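K.L.:
Sequence:
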Amino acid sequence: MRTHIPTTDLKELFRNKYHTSEVIRSQIAEIKEKASSNVIKEPLKSCVVKFYGKVIDCSFEKTLKIVTKRLFLKGKLDNFRTIREDSLVEANITATLTEDESRSSIIR
20 MRTHIPTTDL KELFRNKYHT SEVIRSQIAE IKEKASSNVI KEPLKSCVVK
70 FYGKVIDCSF EKTLKIVTKR LFLKGKLDNF RTIREDSLVE ANITATLTED
120 ESRSSIIR
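Okay, so the sequence shown: first residue is 20 according to the numbering used here, each after it adds one.
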């Protein structure tokens, strides 16, 4: 059974703490399909992404892994570290420019 919610934005799901794997996967699949033709031609680049917010156990880290695994064709999540005192998750990502733009439209 596939869940499809076309009007729901992923950022809203994250804000409302309603981010089931199936909803995220279905929306990421749509974004990935749109960007796939451009991604194949582009070179990879490395970037560091910082996420600020309340870090609760490892739920955000798991969500970050799901998003990068499903969203990127050539790109990957190299590593990440959590700094609980500063409420910060820092991720090193290697991806094409199109993938990075897709990621930044989902997670800001």
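I should point out that these hints are in silico values taken from the structure, not numbers from a laboratory. Since the structure is predicted, the reported quantities are computational estimates derived from the model, not experimental observations. Each residue gets a CB set at the ideal place from its N, CA and C atoms; glycine is no exception. Hints are not guaranteed to be accurate.
Claimed, not checked - Across the chosen pairs, the derived CB separations fall in these ranges:
1. N57 <-> K84: 31 to 41 Å
2. K60 <-> K88: 20 to 30 Å
3. K60 <-> L107: 10 to 20 Å
4. K53 <-> D105: 12 to 22 Å
5. S56 <-> D105: 15 to 25 Å
6. S56 <-> R100: 12 to 22 Å
7. N111 <-> E61: 16 to 26 Å
Said to hold, decoys possible - The calculated lysine-lysine pairs, modelled on DSS-like cross-linking and capped at a C-alpha distance of 25 Å, are:
8. K95 <-> K60
9. K81 <-> K60
10. K81 <-> K93
11. K64 <-> K51
12. K84 <-> K51
13. K88 <-> K69
14. K51 <-> K88
K.L.:
With reference to the structure, classify each hint as holding or not holding.
P.N.:
Hints versus structure:
1. Here the CB-CB span from N57 to K84 is close to 24 Å, at odds with the stated 31 to 41 Å.
2. A beta carbon spacing of about 22 Å between K60 and K88 agrees with the range 20 to 30 Å that was offered as a hint.
3. One distance hint, 10 to 20 Å for the beta-carbon pair K60 and L107, is violated here, with the actual separation near 34 Å.
4. Between K53 and D105 the beta carbon distance is about 35 Å. The supplied range of 12 to 22 Å is therefore violated.
5. Range check, S56 to D105: Cβ separation about 39 Å, and the 15 to 25 Å hint is violated.
6. Taking the beta carbon of each, S56 and R100 are about 34 Å apart, not inside 12 to 22 Å as hinted.
7. For N111 and E61, the hinted distance range of 16 to 26 Å is satisfied, since their beta carbons lie about 19 Å from each other.
8. The straight-line distance between the Cα atoms of K95 and K60 is roughly 16 Å, inside the 25 Å bound, and the hint therefore holds.
9. For the hint pairing K81 with K60, the CA-to-CA distance comes to about 29 Å; that exceeds 25 Å, so the pair is violated.
10. Annotation: proposed proximity of K81 to K93 holds, straight-line Cα distance about 20 Å (limit 25 Å).
11. Restraint check for K64 and K51: satisfied, since their Cα atoms lie roughly 18 Å apart, inside the 25 Å limit.
12. For the proposed pair K84 and K51, the alpha carbon gap of about 15 Å is at most 25 Å, so the pair holds.
13. Straight-line distance between C-alpha atoms of K88 and K69 comes to about 18 Å, which keeps the hinted pair within the 25 Å bound.
14. Under the criterion of a C-alpha separation no larger than 25 Å, the hint pairing K51 with K88 is consistent with the structure, at around 11 Å.
The structure is inconsistent with the numbered hints 1, 3, 4, 5, 6, 9, although it conforms to all the rest.
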